[in-house]
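A.B. asks: Start from chain X and add chain E according to the hints.
Residue numbers (my numbering), protein chains in the order written: chain X, 120 to 454; chain E, 120 to 454.
Hints were generated in silico from the structure; no laboratory data involved. Take these hints with a grain of salt, some might be off.
Copies of the same chain are indistinguishable here, so a pair counts whether it falls within one copy or spans any two.
Computed list of lysine-lysine pairs in DSSO-like fashion (alpha-carbon distance at most 30 angstroms, straight line) [claimed, not checked]:
#1 156 to 171
#2 197 to 304
#3 267 to 304
#4 304 to 196
#5 196 to 310
#6 289 to 364
#7 310 to 267
#8 364 to 420
#9 315 to 191
#10 283 to 267
#11 252 to 364
All of these numbers come straight from a predicted model, not from anything done at the bench.
The lines below spell out each chain.
2 protein chains.
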Amino acid sequence: MKIIVDAMGGDHAPEAPVAASVKAADELNVDIVLVGKTDAIEKELSRRPYNKDRISIAPADDVISNHEEPAKAVRSKKNASVVVAANMLKNGEGDAMLSMGNTGALLASGLLIVGRIKGVLRPALATLLPSAKGPKMLIDAGANTNCKVENLVQFAVMGSIYMKNVLSTKNPTVGLISNGEEEGKGDELTKAAYPKLKDAPINFIGNIEGRDVMEGTADVMTCDGFVGNVILKTVEGMGHVVSDKVKGIFTKGLFTKLGALFVMKGLNDFKQTMDYREYGGAPLLGTKKPVIKGHGSSDAKAVFSAIVQAKKFVETNVIDDIEKNINGMEEEING
Amino acid sequence: MKIIVDAMGGDHAPEAPVAASVKAADELNVDIVLVGKTDAIEKELSRRPYNKDRISIAPADDVISNHEEPAKAVRSKKNASVVVAANMLKNGEGDAMLSMGNTGALLASGLLIVGRIKGVLRPALATLLPSAKGPKMLIDAGANTNCKVENLVQFAVMGSIYMKNVLSTKNPTVGLISNGEEEGKGDELTKAAYPKLKDAPINFIGNIEGRDVMEGTADVMTCDGFVGNVILKTVEGMGHVVSDKVKGIFTKGLFTKLGALFVMKGLNDFKQTMDYREYGGAPLLGTKKPVIKGHGSSDAKAVFSAIVQAKKFVETNVIDDIEKNINGMEEEING
Chain X
120 MKIIVDAMGG DHAPEAPVAA SVKAADELNV DIVLVGKTDA IEKELSRRPY
170 NKDRISIAPA DDVISNHEEP AKAVRSKKNA SVVVAANMLK NGEGDAMLSM
220 GNTGALLASG LLIVGRIKGV LRPALATLLP SAKGPKMLID AGANTNCKVE
270 NLVQFAVMGS IYMKNVLSTK NPTVGLISNG EEEGKGDELT KAAYPKLKDA
320 PINFIGNIEG RDVMEGTADV MTCDGFVGNV ILKTVEGMGH VVSDKVKGIF
370 TKGLFTKLGA LFVMKGLNDF KQTMDYREYG GAPLLGTKKP VIKGHGSSDA
420 KAVFSAIVQA KKFVETNVID DIEKNINGME EEING
Chain E
120 MKIIVDAMGG DHAPEAPVAA SVKAADELNV DIVLVGKTDA IEKELSRRPY
170 NKDRISIAPA DDVISNHEEP AKAVRSKKNA SVVVAANMLK NGEGDAMLSM
220 GNTGALLASG LLIVGRIKGV LRPALATLLP SAKGPKMLID AGANTNCKVE
270 NLVQFAVMGS IYMKNVLSTK NPTVGLISNG EEEGKGDELT KAAYPKLKDA
320 PINFIGNIEG RDVMEGTADV MTCDGFVGNV ILKTVEGMGH VVSDKVKGIF
370 TKGLFTKLGA LFVMKGLNDF KQTMDYREYG GAPLLGTKKP VIKGHGSSDA
420 KAVFSAIVQA KKFVETNVID DIEKNINGME EEING
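The following block holds chain X by itself, in its conformation from the complex (with noise of 0.2 angstroms):
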C-alpha cells in the first residue's frame, strides 16, 4: 500500500509529515510518496536514517497557503503539492492521500480531481471529536452550507460505514443535531430530513443536542457543514481556553505549582482524552479514492496517527461499502 503524503501543508510542514512518513514505514508497513519541495524535503529527510525502499518523493513546486480562495487556487496552481498528490491519487499512483494544509484547497482537490464516487450528492468533511464515550464522528464539519435532506441523509450513511470499518463501532448509532430532542424540534431542513433518516439504513436514534456532543451520546452526529463547522470550532476553541485556564492554575505560586506534581497524571489522561492528535485526521467521505484532512497545527504524531488512519481507511473498503449503500438506497428509492 502506498500513501500520499502531503509534505507542504501545516503549520509544523514540512518537518512533521516527514518525520511521521518515516516513523510509519518503518512500523505500518507502508509505502510513502511526499509530495513537495524536493529540497526541502530532502533536508527533512537527511536528518534521520530512513527506509529508502518505502519513501519516495514527488517534485511540486508550488504550495496553497491559507489565506488563497480554494477553489481558484486548485484550479490555476497545476504544481501546487496538493493538487499533485490529488492527481497522482486519482491515477492510481498511491492508495490514500493526506493533507494537513489549506482544508477548502483539499476539499476542492477531493471533488474536482479525485471526483465523486458514482451516487454521492456531496462529499462531506468527518471530524472525529473526543467525548465522554470516547471518540464520535460529526459530519459534515465544513465541507457543505446549505445543504438538502439528501445530503444529511447520505452523511449519516457514509459515517456510520465509516466508524463501522475503521473504528469497529458495532451498529454505529445515529443523531441529528437539532435544537432539541422531539421529533417536532428543529428547522425546516432536520425536520425534513427527520422522516428520511427514520427509513435509511441507519441505526437512527432521532435528534440531539449540543450538549450530545461532548457526552458522546451518538457515533455518528449528522449536520449542515455550517453547523458542523460552528460546533467544531466552538470545541475547539473552548479546549484552549479551558486547557490555558488550568495551566494558568498550575503555574501561579510554589503551592499549586507543587500540587501540579500530584495530580499530573490525571491531568495527562486528561489532556490525553481532548486531544486532537490522537485521533488521526479528518476524511473526506464520498471521493473516489481516500483523502484525509490532518489538523493544520498536527505536530509529527498527529500526522503519524492520520497515517494509521488512513491505512485502515485503504484496508478496510470504506470506498466499496459506501458505493454498494449508497446505490442500494438508490435503487430502493427508485423502485
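C.D. replies: Leaving out everything else, chain E in the frame of chain X:
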C-alpha cells in the same frame, strides 16, 4: 420597582425562587411578587424571616411542565404561574418578570401575552456566556429558527443596547457567527446578512467563528436561534464533561487529593469564571416589558443574580432604547 417572580418554575422551585426573592427584597430595594401555589410559597416563606412589606403572593394553581407543548399550554392553561405572571406584567402590576420554568412557555408568554415592541419582527433569547474576556452575549440563543436577514440585524441592535446599558460595555462589538472569518464565508443567510450588519447602527466587526465564542472576540454574537441553541448547549455540555473529568482527577487517590488542596483556590476561581450562576438569566429582547429566563437548574444564588439583572434591565431603559433604535432604523430605510 416590582419584580414578578414565577415561584413554580425550575428544578429547585419553589425553594430557590423564594429564598432568592427574600434576599432581593432585603438587599436590592425592590418589591417582589411571587406567583404560584399559595400553600407551597407560604411554606417556603415561613422557613425564614422576610420583609412582609416588600414580598407578596399572586396565586396561580397550575404549572406548565418541561414536557408540555409550550404555545398550546400557554393558550390553554390560563392559571399557570408563567401565564399569570405574564398577564400581570402586561397589566402593569410589575416592572419585569422572571421564570426558571419551561423556556418555550416563557417565550410564548412573552410573545403572545406581553407582546412585541413596535417594529421588532421577532423577540430573541439573549444568553450571556463566559469567555476568556468576561461574559459575552449570544443572540438568538434558541427562540427563533429559520431566521431572515432582518432578524439577525435586529438581534444585533437589541443585543448591543443590552450590553451597553446593563453590562456597561462601551461601544459593544458585534460578530456574525459563521464558518469562516472572511466576508465571503457563510451560508445563504449569513452571506446576505453581512452587508446589512455593516450598514446597521452597531459596531460590526465581521464574521466570527466557533473558536471566538469562548475567546470572547465579540461582545455580541448574532446568529439564527438554531445555531445559537446548538452553540449554547455544546458549551454547557462541554462544561459538564470537563468538570467531571477534572473532579475525577482530584478524587482518585491520596496523592491527588493532597494535590487538590494545593490548587483549590485556583480551581474555584476557574469554576467561578465558567459558572452561569454569576451571570444571571437570559433576557428575552424585543418584548414590550422586561422578560428574563433563568436557567432551569438555578439555585437561590443564580435566581438572585437574575433578579439583580431584571432590576438593571428596568433601570437602564433597555426597552425604550430598543424601540427608538429599531424605529430609527425603519425611518432611515423607508426614507
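A.B. asks: Pop the pair residue 289 and residue 364 into one bin, within, between, both or neither, using alpha-carbon distances up to 30 angstroms.
C.D. replies: Between copies only: 26 angstroms across, 37 angstroms inside.
A.B. asks: 30 angstroms Cα cut-off: does residue 267 pair with residue 304 within a copy, between copies, both or neither?
C.D. replies: Close inside one copy (17 angstroms) and across copies (19 angstroms); limit 30 angstroms.
A.B. asks: With identical chains, the pair residue 304 and residue 196 could be close in the same copy or across copies; at 30 angstroms between alpha carbons, which is it: within, between, both, or neither?
C.D. replies: between (45 angstroms within a copy, 22 angstroms between copies)
A.B. asks: Checking residue 283 and residue 267: alpha-carbon separation at most 30 angstroms within a copy, between copies, both or neither?
C.D. replies: Answer is within: at 25 angstroms inside a copy they meet the 30 angstroms cutoff, but 39 angstroms across does not.
A.B. asks: Between copies, within a copy, both or neither: which fits residue 315 and residue 191 at Cα up to 30 angstroms?
C.D. replies: Between copies, since 27 angstroms is at most 30 angstroms while 35 angstroms is not.
A.B. asks: At most 30 angstroms between C-alpha atoms: does residue 196 with residue 310 qualify within a copy, between copies, both, or neither?
C.D. replies: between (42 angstroms within a copy, 27 angstroms between copies)
A.B. asks: Check residue 364 against residue 420 for me: Cα-Cα at most 30 angstroms, and say if that holds within a copy, between copies, both or neither.
C.D. replies: both (25 angstroms within a copy, 24 angstroms between copies)
A.B. asks: Classify it for me, residue 310 with residue 267: is the Cα-Cα distance of at most 30 angstroms met within a copy, between copies, both or neither?
C.D. replies: both (11 angstroms within a copy, 18 angstroms between copies)
A.B. asks: Between the shortest in-copy and the shortest cross-copy C-alpha distance, which are at most 30 angstroms for residue 197 and residue 304: within, between, both, or neither?
C.D. replies: For residue 197 and residue 304, only the inter-copy Cα distance (25 angstroms) is at most 30 angstroms; the intra-copy one is 46 angstroms.
A.B. asks: Is it within a copy, between copies, both, or neither that the alpha carbon of residue 156 lies no farther than 30 angstroms from that of residue 171?
C.D. replies: For residue 156 and residue 171, the Cα distance is within 30 angstroms only inside one copy (18 angstroms; across copies 81 angstroms).
A.B. asks: Checking an output row: residue 252 and residue 364, CA cutoff 30 angstroms. Within, between, both or neither?
C.D. replies: Answer is both; intra-copy 24 angstroms and inter-copy 12 angstroms each pass.
Checked against the numbered hints given earlier, the structure satisfies every one of them.
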